[in-house]
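J.: Residue numbers are given in my numbering: position 84 of the sequence shown equals residue 84, and the series is strictly consecutive.
Heads up, none of these hints are tricks.
Result set (DSS-like, lysine-lysine): computed pairs, CA atoms no more than 27 Å apart in a straight line: (1) Lys44 to Lys24; (2) Lys14 to Lys106; (3) Lys87 to Lys6.
Pair by pair, the computed Cβ-Cβ distance ranges are: (4) Ser10 to Ala97: 18 to 26 Å; (5) Asp31 to Arg59: 13 to 21 Å; (6) Pro98 to Ala32: 30 to 38 Å; (7) Lys1 to Gly115: 42 to 50 Å; (8) Asp31 to Gly81: 39 to 47 Å; (9) Trp119 to Asp51: 37 to 45 Å; (10) Asp41 to Ile68: 18 to 26 Å; (11) Gly80 to Ala32: 38 to 46 Å; (12) Ala38 to Ser13: 15 to 23 Å; (13) Trp73 to Ser102: 15 to 23 Å; (14) Asp41 to Thr61: 17 to 25 Å.
Hints listed in this document are in silico derivations from the structure and should not be mistaken for laboratory results. Since the model is a prediction, treat every value here as computed from it, not as a measurement. Quick reminder that beta carbons are idealized off the backbone N, C-alpha and C, glycines included.
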Amino acid sequence: KADVDKKRSSLFSKLCREITAAAKVGGSDPDANIRLAAAIDRGKAANLPRDNIENAIKRATESSTAEIMETVWYEGRGPGGTAVLIKALTDNRKRTAPALRSAFSKSGGELGTSGSVAWMFETT
Numbered sequence: 001k002a003d004v005d006k007k008r009s010s011l012f013s014k015l016c017r018e019i020t021a022a023a024k025v026g027g028s029d030p031d032a033n034i035r036l037a038a039a040i041d042r043g044k045a046a047n048l049p050r051d052n053i054e055n056a057i058k059r060a061t062e063s064s065t066a067e068i069m070e071t072v073w074y075e076g077r078g079p080g081g082t083a084v085l086i087k088a089l090t091d092n093r094k095r096t097a098p099a100l101r102s103a104f105s106k107s108g109g110e111l112g113t114s115g116s117v118a119w120m121f122e123t124t
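Kindly generate the complete structure, drawing on both the sequences and the hints.
T.: Right, here's the structure in full:
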C-alpha cells in the first residue's frame with residue numbers, strides 16, 4: 001500500500017505543478033485557457049481531488065513570490081543516433097540541463113543544441 005500511495009502522491013504533485021504552470025501562463029479560467037482545461041481534465045482522469053485542483057489554480061493566480069515554473073524544450077540524440085525531443089516543466093533551467101545531459105551521457109547519447117533534431121518532429 002505504501003508503494004501505491006507514493007506513486008499516487010508523485011502523480012498528484014506532477015499534475016498540480018502542471019495545473020499551476022498552465023494557470024500562470026494563461027489565467028485561471030479554464031474556458032479561456034485551453035492548456036489549463038487540458039491539465040484539469042488529466043487531473044480528473046487520475047482522480048485528483050477537486051480541492052487540490054482549486055488550490056493549484058489559487059496558488060498560481062495569487063502568489064507573487066512563488067516559484068515560476070516554465071516549459072522548456074531540450075533536444076538530443078539517444079543511443080544509436082535516435083532523435084529525442086524533451087518537453088520539461090522546470091523552475092530552474094540551470095539545474096535541469098545538467099541533469100538531462102547526465103542522463104543522456106549515461107545512456108550513450110548526447111544533449112544537442114537548439115534546432116539539432118527539432119526539425120524532425122511535429123508538435124501539437
